[in-house]
Amino acid sequence: MEQVTTLEHTEDVYEPSLTPDSLGKLGMWVFLIGDTMSFGALLAAYAALRGGAGAIGWVPPSEILGIELTAFMTFLLICSSVTMVKALESIQKGNVGRMCDFLGLTILGGIIFLGLQAYEWTHLIKHGLTLTGIPDHGLTGAAISGSTLFGPTFYAITGFHGLHVTGGVIYLIVILRNGWSGRYTAEFNHEVEIVGLYWHFVDLIWIMVFTFIYLL
Amino acid sequence: MAQNGEHKHPRYWFIFLWLAVLTAIEIGVAIPEYSTVIKAILLIGLACGKAFLVAAYFMHLKLEKRTLSAIVITPFLICVFLVIMLIPDLTTDARHNAIDKPAEKVQETTPH
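Chains as they are written, first to last, in the working numbering: chain A, 1 to 216; chain B, 1 to 112.
Don't read these hints as lab results, they were simulated from the structure. Keep in mind that a hint or two might mislead.
As the list claims (entries may be wrong) - Taking lysine to aspartate or glutamate and the DMTMM-like style, the derived pairs with C-alpha atoms no more than 20 Å apart in a straight line are:
1) A:LYS86 with B:GLU33
2) A:LYS93 with A:ASP21
3) A:LYS93 with A:GLU191
4) A:LYS86 with A:GLU68
5) B:LYS65 with A:ASP21
6) B:LYS62 with A:ASP21
7) A:LYS126 with A:GLU187
8) A:LYS86 with A:GLU15
9) A:LYS86 with A:GLU187
10) B:LYS39 with A:GLU187
11) B:LYS62 with A:GLU89
12) A:LYS93 with A:GLU187
13) B:LYS65 with A:GLU120
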């Protein structure tokens with residue numbers, strides 16, 4: 001009896017976790033906070049280089065990229081975000097089949113996104129936007145001076161994001177396979193929630209990338 | 001969450017609709033030609049609104065402890081600080097003049 005009370009006392013002095021239901025979730029949040037700084041630094045560098053290039057020194061991104069395809073890609077990621085959250089909702093209600101369907105749709109969204117990005121990159125490279133070159137877009141002479149940094153920053157940022165999407169698709173496939181083998185139930189589904197955190201973060205970053213690189 | 005969050009879950013399709021509408025507004029704001037500053041403020045505001053919706057409802061930050069939200073907001077504030085520190089470099093013309101006319105600069109500053 002004496003020992004039990006001592007144990008209870010020890011339990012009491014533990015500091016409660018920020019995410020009491022799963023430590024893994026806290027781990028993912030910590031990783032995402034660090035990743036925010038990576039993307040924040042990249043976007044700040046992009047802004048500084050663009051500002052430094054002067055008003056006419058930067059290739060107007062929308063002129064060569066076209067906004068429709070990217071807008072569709074944004075919409076696609078939003079869709080895959082909502083299917084991800086529906087997958088989590090399904091498993092929290094204990095519906096494994098529905099969770100697997102929604103996870104499959106999320107993966108499909110990610111793969112189509114990557115396919116479109118590959119299409120966009122090939123298209124841009126064919127138009128001359130490479131790490132060292134600038135595309136042929138009608139402007140000549142002094143108007144395009146100092147604009148060669150658009151290519152490197154563009155490929156660095158969208159490439160870094162695409163790498164995150166690729167990682168997310170692989171991560172989701174692993175979780176889907178676990179789901180198929182019956183690992184998750186209405187009581188045990190933190191792993192689905194954690195992959196969801198990662199996937200929504202990738203969507204959130206794309207919202208920022210879309211704004212700063214494609215729209216502004 | 002699995003046990004206590006069932007009825008507190010937001011209506012996800014409603015959030016999705018909001019995100020889609022905000023994206024459409026963003027494109028509507030971005031296409032016409034007008035003041036870059038106003039455009040930038042509008043677009044960054046809309047993007048922050050979308051980011052808030054994703055973080056608060058899809059990532060369930062609203063259902064987590066508030067301390068976690070405070071920690072998550074910190075890197076965003078640091079990024080804003082980073083951009084503010086870079087603003088002097090964006091607004092000054094000195095660097096561009098130096099790049100455009102290096103020869104003149106040298107002549108001006110050479111003592112005789």
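Comparing the hints with the structure gives:
1. For the hint pairing A:LYS86 with B:GLU33, the CA-to-CA distance comes to about 39 Å; that exceeds 20 Å, so the pair is violated.
2. Annotation: proposed proximity of A:LYS93 to A:ASP21 holds, straight-line Cα distance about 17 Å (limit 20 Å).
3. Taken as a hint, the A:LYS93 and A:GLU191 pair is honoured in the structure, with Cα atoms around 15 Å apart against an allowance of 20 Å.
4. Taking the CA atoms of A:LYS86 and A:GLU68, the gap is about 27 Å. The hint is violated against a cut of 20 Å.
5. For the hint linking B:LYS65 to A:ASP21, the alpha-carbon distance of about 12 Å falls within 20 Å, and the restraint holds.
6. For the hint pairing B:LYS62 with A:ASP21, the CA-to-CA distance comes to about 15 Å; that is within 20 Å, so the pair holds.
7. The suggested pairing of A:LYS126 with A:GLU187 is violated, with an alpha-carbon distance near 51 Å, which exceeds 20 Å.
8. For the suggested pair A:LYS86 and A:GLU15, the alpha carbons sit about 33 Å apart, so the restraint of at most 20 Å is broken.
9. Restraint check: the Cα-Cα separation between A:LYS86 and A:GLU187 comes to about 16 Å, which is no more than 20 Å; the hinted pair holds.
10. The straight-line distance between the Cα atoms of B:LYS39 and A:GLU187 is roughly 47 Å, outside the 20 Å bound, and the hint therefore fails.
11. In summary, the hint linking B:LYS62 to A:GLU89 is supported, as the alpha carbons are separated by about 16 Å, within the 20 Å threshold.
12. A hinted pair counts as satisfied when its Cα atoms are at most 20 Å apart, and A:LYS93 with A:GLU187 qualifies at roughly 9 Å.
13. Restraint check for B:LYS65 and A:GLU120: not satisfied, since their Cα atoms lie roughly 41 Å apart, outside the 20 Å limit.
Violated hints, listed in ascending order, are 1, 4, 7, 8, 10, 13; each of the other numbered hints is respected by the structure.
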